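Engineer: Here are the chains, one letter per residue:
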Amino acid sequence: DTEVTQTPKHLVMGMTNKKSLKCEQHMGHRAMYWYKQKAKKPPELMFVYSYEKLSINESVPSRFSPECPNSSLLNLHLHALQPEDSALYLCASSPKQGANTEAFFGQGTRLTVV
Amino acid sequence: AQSVAQPEDQVNVAEGNPLTVKCTYSVSGNPYLFWYVQYPNRGLQFLLKYITGDNLVKGSYGFEAEFNKSQTSFHLKKPSALVSDSALYFCAVRAPWGNKLVFGAGTILRVKS
Numbered sequence: 001d002t003e004v005t006q007t008p009k010h011l012v013m014g015m016t017n018k019k020s021l022k023c024e025q026h027m028g029h030r031a032m033y034w035y036k037q038k039a040k041k042p043p044e045l046m047f048v049y050s051y052e053k054l055s056i057n058e059s060v061p062s063r064f065s066p067e068c069p070n071s072s073l074l075n076l077h078l079h080a081l082q083p084e085d086s087a088l089y090l091c092a093s094s095p096k097q098g099a100n101t102e103a104f105f106g107q108g109t110r111l112t113v114v
Numbered sequence: 001a002q003s004v005a006q007p008e009d010q011v012n013v014a015e016g017n018p019l020t021v022k023c024t025y026s027v028s029g030n031p032y033l034f035w036y037v038q039y040p041n042r043g044l045q046f047l048l049k050y051i052t053g054d055n056l057v058k059g060s061y062g063f064e065a066e067f068n069k070s071q072t073s074f075h076l077k078k079p080s081a082l083v084s085d086s087a088l089y090f091c092a093v094r095a096p097w098g099n100k101l102v103f104g105a106g107t108i109l110r111v112k113s
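One line per chain: the protein sequences are A and B, in this order. Using this note's numbering, the first residue of the first sequence is number 1, and each one after it goes up by one. Using this note's numbering, the first residue of the second sequence is number 1, and each one after it goes up by one.
Among these hints, one or two may not hold up.
Said to hold, decoys possible - Cβ pair distances, simulated, as ranges:
(1) A:Ser-62 / B:Glu-8: 36 to 44 Å
(2) B:Leu-82 / A:Ala-80: 24 to 32 Å
(3) B:Leu-82 / A:Ala-39: 37 to 45 Å
(4) B:Glu-66 / A:Lys-40: 22 to 30 Å
(5) B:Asp-9 / A:Lys-18: 31 to 39 Å
(6) B:Val-83 / A:Thr-16: 41 to 49 Å
Because the hints were derived from the structure by calculation, they are not lab data. In this text the structure is predicted, and so the values were computed from the model without any measurement. Don't be surprised by glycine CBs; every beta carbon is placed ideally from N, CA and C.
Please put together the full structure from these sequences, using the hints given.
Structural biologist: If you want it as structure tokens, here you go:
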């Protein structure tokens, strides 16, 4: 299994809602990532988890809250988002942090905040 | 800090012709370099990487890239373009000591039949 699976594929939420994005991989990777991507722009790193511990937070607003319940799962909890948070949210994984291997990306969750 | 430049916003190629998508990088030490492709409303797909060794790297779907240390470049190439190659291409670099993957701005490739 060489896939990173993200759910849901699409999400529309109001500014007062609470929702969660989910990411799952079964490749035994120990580093997992959240990226935010605006249309026709490069992905921007948000968070990195290494061995289920948060190792990088790129100064992301607290309305985004990551969670890594185990080595296969990565969640991104959303609360009180703004319309400008609308974007494609990508999850990725790699064998370990700092490894010279490629990251595998999921298909993304298209988030629209209304 | 590492950085990547993709000097062309868009590259237009006729089907069957060779294509080149340019990438230059800046990093201290020996870089880890990657190319990814993204189709509309999809995630990024890995194409190829350079870590060490042979400067010519072969990857998926007939793509290859040449690492040039003196010019700090890692251009993506394909001998014969297909219409289905039309997509958004990202070059990325990771410093050998770091975990952060830094992406270029991306280049739209349009292959016309």
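Engineer: Which hints, by number, does the structure contradict?
Structural biologist: Violated hints: 2 and 3; rest satisfied.
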